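Undergrad: Listed below, chain by chain, are the residues.
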Amino acid sequence: MPEYSWPEQGKRRLMGTRISRLDGGEKASGRAKYTSDLNKPDMLFSAVLTSPHAHAKVVSVDTSAAKAMKGVTGIRVVSGPGTEIQWAGTEIAFVAAASEEIARDAARAIKVQYDPMPHLVKEENLAAAGVRAKAAGEAITGDPDQAFKDADVVSEGSYGIPVLTHCCLEPHGQVSQWAGDKIEMWPSTQNVSGIGGDLSKNLELPATGVHVHMDHVGGGFGSKFNSDRWGIEGTRLSKESGGKPVKVFLDRATELTIAGVRPSAFGRIKVGAKRDGTITAWQSETWASGGFGGGGSPPLPYVFTTIPNQRKNHSAVSLNAGGARAWRAPNHQQACYLTDCAIEDLAAKLRMDPLDVFMKNADVTPRADVYRLQLKQAADLMDWKKKWHARGDSGSGPIKKGLGLAIHTWGGGGHASNAITRISPDGSVEIELGSQDLGTGTRTAIAIVAAETLGLPLNAVKVKIGDNAYPPSGGSGGSTTIGGVSVSTRKATVNALDKLLDAVAPSMGLPKEQLEAVDGKIQQKGNAAKNLTWKAACAKLGAKTISETGVNDPKNPGGLMSAGVGGCQMAEVSVDTETGIVKMVKSVAVQDVGTLVNLKTAESQIFGGCIMGVCGALMEERIMDQQTGRVLNADMEFYKLAGIGDIGEIVVKINTEPQFDKRGVIGLGEPASIGLLAAICNAVANAIGVRVPNAPMTPERVLAALERRNA
Amino acid sequence: MSSKKDPDVSKKPRSAFSRRGFLGGVGVGGGVLGSGLLSPVAEAAPASGPAAVPITLKINGKTQNLTLEPRVTLLDALRNHLDLTGAKRVCDRGTCGACTVILNGRVVYSCTVLAIDAQGKEIQTIEGIAPAGKLHPVSAAFVQHDAQQCGYCTPGFVMAAKGYLDRHAPKSIEDVEKGLGGNLCRCGTYVGVRQAVLEASREMKGGRNA
Chain A
1 MPEYSWPEQG KRRLMGTRIS RLDGGEKASG RAKYTSDLNK PDMLFSAVLT SPHAHAKVVS
61 VDTSAAKAMK GVTGIRVVSG PGTEIQWAGT EIAFVAAASE EIARDAARAI KVQYDPMPHL
121 VKEENLAAAG VRAKAAGEAI TGDPDQAFKD ADVVSEGSYG IPVLTHCCLE PHGQVSQWAG
181 DKIEMWPSTQ NVSGIGGDLS KNLELPATGV HVHMDHVGGG FGSKFNSDRW GIEGTRLSKE
241 SGGKPVKVFL DRATELTIAG VRPSAFGRIK VGAKRDGTIT AWQSETWASG GFGGGGSPPL
301 PYVFTTIPNQ RKNHSAVSLN AGGARAWRAP NHQQACYLTD CAIEDLAAKL RMDPLDVFMK
361 NADVTPRADV YRLQLKQAAD LMDWKKKWHA RGDSGSGPIK KGLGLAIHTW GGGGHASNAI
421 TRISPDGSVE IELGSQDLGT GTRTAIAIVA AETLGLPLNA VKVKIGDNAY PPSGGSGGST
481 TIGGVSVSTR KATVNALDKL LDAVAPSMGL PKEQLEAVDG KIQQKGNAAK NLTWKAACAK
541 LGAKTISETG VNDPKNPGGL MSAGVGGCQM AEVSVDTETG IVKMVKSVAV QDVGTLVNLK
601 TAESQIFGGC IMGVCGALME ERIMDQQTGR VLNADMEFYK LAGIGDIGEI VVKINTEPQF
661 DKRGVIGLGE PASIGLLAAI CNAVANAIGV RVPNAPMTPE RVLAALERRN A
Chain B
1001 MSSKKDPDVS KKPRSAFSRR GFLGGVGVGG GVLGSGLLSP VAEAAPASGP AAVPITLKIN
1061 GKTQNLTLEP RVTLLDALRN HLDLTGAKRV CDRGTCGACT VILNGRVVYS CTVLAIDAQG
1121 KEIQTIEGIA PAGKLHPVSA AFVQHDAQQC GYCTPGFVMA AKGYLDRHAP KSIEDVEKGL
1181 GGNLCRCGTY VGVRQAVLEA SREMKGGRNA
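Protein chains in written order, with our numbering: chain A, 1 to 711; chain B, 1001 to 1210.
Next comes chain B alone, as it looks inside the complex (with noise of 0.2 angstroms):
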């Protein structure tokens, strides 16, 4: 994690709870990805958008070069040209947190992120946080407190955690809830989410590894 050499970190370190707050600012509100109700009838609506272009993403340490239209996301990328399917796409506008992945050491959004805007920078996705066959601390403690059920936020809970864990040392279950503020889970697995994350916290002797 290269987190010291970008700019963006020298700020205080954000915790998931704050992203609510980065996110409103840039207004994540104003656009609709869909093509559902929100979506005005069509009036000779553009056939596409610019035209794709060469895009590099430096992934889990490892460099990955794409041709994307420029409006494709960062969680899109992944998802859908990559097959990087741990980010999971739920809300698809900044708000529950499925999408999580680590970009310079920081939590964000990927649904958020365009992959143009993601360049030059350490992305880190679930895939990245073990060696295959392995478990990340975060993961086992989530298997051993059953903190999921039908696990379609679980990567995303556990991204959130990784990072917050890499900077915090939680002292508490009211720390806990601060730090996982920014992910929503609808089968109701937060009791399981304390307990995984104090523990796993533990394991990574929080706050020291960032």
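Chain A extracted, bound-state conformation (with noise of 0.2 angstroms):
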């Protein structure tokens, strides 16, 4: 039974090293091909022709002018007469045809009759929301009513966080080929293993028949792992073209509308404690919707879970407005700040430095020496002692400075996976892989594995993913993927290994056992001298190529992969109170990653998951309008995200104390993007005196309440 466990901390060359990722220079010199930059011969384009109506009945579909123009190939009406269109942007109907600009033409020529009916888009206020409004229940532990009874301090606040959407950069889309009992697809997905299956079970086709195809995804985010209506619908028209491939994308309006959102939060919180800080009681009631069909529901109190007394009540909202789909680190943000907000809110009532508040409370979260550690060395990096001040800059002059605080948890443990790696006669090595590189670094975390595994350099590893032909491998959502690929990659190699220390040890007048790769070599263990080089040792195999498989199986991973990580972030921000506009000054991150493969890709995804905070705290929401009930804000101008100008400073810890490093891969896509979010809201209220209960933190807002504040 060959050995799979991780080489010890100290004795890794390549594994938590700062590597750079291998297809940077295809990316960087815009030679990389993303699906939507696909142009194959005889390409069709498709557009989708939309319901600007929130709610209303389709009562015809005029496609005869459509049909008549020169260059369309084919029209397909998804919302025919009849259907009830629940909220704006619902697809009516699919044009193929010869460009893109004859295939919107065309989307326009249709005539649409609508039965417009009433519509609900918003719903920041509760009461307004009537039937649409579904309550879970009440949930109970402890004694509650006692508790906030027996508390020295109870702190009460309205809070709220808006639905977002995913803005991948790279629209939702696909092309693809109906090629007879084949169907040929290049979707932008993050799921390469799994999409095909779902378009053959929507077309009702055997599962095996849709080969999938796709070098690298322009942003996913949680919102592209299913074959949508485009990828159906684009497909059903090459073959009503003749088998032409089809190549369908959501412009950004569209793309903004129904290609998925992250669901709102808001709620009424009341935290009880003692003189000390300890917590002793939380209530909330909370409501969310994430759409037609509600959605949303915040963990909540978020990692303080053990809180001793609690009641929680959440109702889910339906709105005419486009669904959600699972947004990074689904459910997380918005618990962390519905929770990490109101704590802050308790420590200003209390008069507690909210780190020290934070402290005191850690043995009611499932990670107290996770914390008080990660607590510490964010306070540290943040220089929080010396920067903290009581709530209210006291400062003189219109520029206020604000500490802010938040932690937070991911589960992220790897998926299934499979790999196979083959080491051939000639010396060269192959991972295949069916699995994709969203920008994490997937596809270099795999050479890496690798070429540790092997003793040799990381350019002598090629690795093949995105392709579904290939060992399947799960989707990349829930920061699933780092786990699972590290580990099916690690066994696939360590068993090829095994079979190439079989075929040479003969040669080498040796025991497999006394072997091992190192610096490019087999060679003996102790005795360098002793060795062949690895091309000499590959040519040992004859004509016979190594082609060996590995399995993570997430049930019994063996200690090379594990779950459930703690992370604290800190925000320093300055507020004008004169125009209400907040800048960032500072973040500090750190986090728990496991066992780290790339020191480099992994910082980045730190850097990246902050920066969605900033967007989150200070600009960006989704704004419906209730009279038309259609997005507003549709659009990258409007939908504000941070600029290189909008970040201020970040600086990143990752964990790798031995404690840490121990666990072997976990994921950390989700957690990086969840508590700086809230600390930045928590650093405005330090700052300003006041607390801005709806994020994001927009001048307006942050007027308003200093507005309050002196009212």
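It cannot be assumed that every hint is accurate.
To be clear about the criterion: a stretch of chain B counts as covered by chain A if any three or more of its residues have a C-beta under 8 angstroms from a C-beta of chain A, and this derived list gives those stretches [said to hold, decoys possible]:
#	stretch
1	1084–1096
2	1112–1125
3	1141–1147
Hints are computed from structural coordinates only; laboratory data are not their basis.
Quantities reported herein were computed from a predicted structural model and do not represent experimental measurements.
For glycine and all other residues, C-beta sits at the position ideal for the given N, C-alpha and C.
If you follow the hints, you should be able to join the two separate chains into one complex; please do so.
TA: Structure follows, in structure tokens:
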């Protein structure tokens, strides 16, 4: 039985070091081909006509004018007469045509009559939602009524964070081709091994009939797992157009309207504590919406899960708006915001430093030692104790500075993953997996693990992903990829090396147990002088290529990976109390990632997670118009993302101490994106002396809060 | 680069930051190319635009003869008709910078330039800044500092950075933030971008290549 465990921490050559991503040059030179870049011979373009109404019955759809247009090869009506539309942006019809311009013209030429119906598109006011709000039922732990009576201090507040969109820069879409009994599909997806099966199910075809290819994907963030209506209809249009490939990509307005959202979360929260800061009671009345299906159920109280006395009520509000999809760390940003802002307000009422209150209550979290260590490390990096002041910067002048913090958690255990490692007689090494690289550095991580295992330089390993003909590997969601592919690659490569040693041992006159792969050689353990170069060793294979598989079984990871991390993020902001503009000064992120694979791309993930926190805290929100039922800011001018000048200094510390390292590989994409949003909003309250209840902290909301304080 | 011959560039060099103002002036908010929500329900929409016309573009030093409808943007001409797909279509209305190219030495959003208006100008795309198999110093610095994740915004950032460094020598992160303020990234790669542009500036002897 080969030994799969990771090399000891001090003995790794590549793992945990700073390695540039393998596809970096391809991407930074524009040579990388994303699906949306594909121009196949005879390719047709598709455009989608969508509903302008948030709630309506389709009365009639007249495609005759569109059909008669030169260059139109197919039209599919997907919301025919009688269909009840439940959100603006719902797909009515797809058109395929010889050019993108003709396809758009034809979509516009389709005449649709609607019978509009009443709609609800806003959920900030729960009372106004009426029957559209469904209560989940009360959950009680301990005796909250008594605990609030006994509490020395009770803090109450209202908090809310809005619906966000994923805003992937490469919109949703694909190229697909109906080629006889086989479908060729080039999607923009997080799910190379799974999306083909989803498409075949929707088309009622055998699951093996779809061949999926994808080299690069321009962002997913949880919204790109399924074949979607555009995938299904684009493929049907290919069939209707004589098997020519059809390209469908959503335009930006449609992308931001129907391709997925992060649910909102609003709530009234009450926290009771002893004078020394020990939290004794929690009460939350929350509501959320992720679109027509409701959705969004933040796990409360977040991280401080075992507060002894709790009363919780939650309602899901159904809106006539585009539906929710998993959004980087689903439900966690919302839960973190509601919880950590409420605790910051409690600390202010106690006249305590929130850092001390978080420390004091670490025992009601599932990993007290981790959070205490991370809070201390983050505080040191922020110089918290020196900079922190009681709520409200008392300095003169309109610019106020403040500090805020939050802690978060995530699972991040690896998904099921299969890999093949091939070692050829010429010494070349190939790893195949039906995985994908979302920009997290998956390709590079696979190469690092394989090269580390074989004692080879990184460039000696060729990684092949992005094809569902390769061994299946899970979709990239929930930070499950790095654990999954690291383990399957490690096992496949250890197995392949074992076979190579079998082939080499006789000629070296040693039992294979005494051999190891180091520095491009197969050598005797403890006697580097007795060796064969990698090439010479592989030549012993004769004509036979080694091909070995490795499997990550999430239920039995064998110590190579695990799940469950903690993290702490802190923010320092300055607020101009005359204009209401909040600026980032500094952020600190301390993150547990288990065994680190690539320091460089791991840091990038955390920087990116923090910057998403800046977006969510200060500028990003989907704005609905109750009058028209539409998204008002379905564009990138008014759906605001942070720019390069908005982020301040960001300091990242990854926990590589032995107690973290020994746990095996754990995903970090989600946790990195959770805490900073709440930390920034807490920093704003600390700066200006009053809570701005609803994120994002736009100038308008900051000024309104200041006005209320001064009233 | 024949920038000195072009009257447009005799003005104060524009950083990417100032393009927002320029674009605002020509009213990018007015036109919606998509067939999505913002289009009113069509009533006797015209069947097609004016017919395609011959259009000659000079791209990366090479003359390209095309037949395009006058409404086709430079971005769509590059991507759909010339297979030059480094420039990406993201916002499609002059906000995000993913489609950035250099036109007569000036950094522009190719989604808001009509191909027909780009005739007679020197168009440089990311495909033209380095020989095959080689990386431009800006691209190399982006790799070194991991200034990319999904990479979809990256070619636009590289072109905006190149255009900026051709004319300016940033001294600080603040300078870089002003120069690259016209591009957006969703993955959050700005920390790497700041470092990459500063490093590339040293390599390119910033400001002396104009």
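Undergrad: Hint by hint, say whether it matches the structure.
TA: Now for the hints, and whether the structure bears them out:
Residues of the stretch 1084–1096 of chain B with a Cβ under 8 angstroms from some Cβ of chain A number 11, which satisfies the need for three, so the listed coverage holds. Requiring three or more residues with a Cβ within less than 8 angstroms of a Cβ of chain A, the coverage given for the stretch 1112–1125 of chain B is violated, as only 1 such residues are present. Counting residues of the stretch 1141–1147 of chain B whose CB lies closer than 8 angstroms to any CB of chain A gives 5, which reaches the minimum of 3, so the coverage claim holds.
When the structure is compared with the earlier hints, a violation turns up for hint 2 alone.
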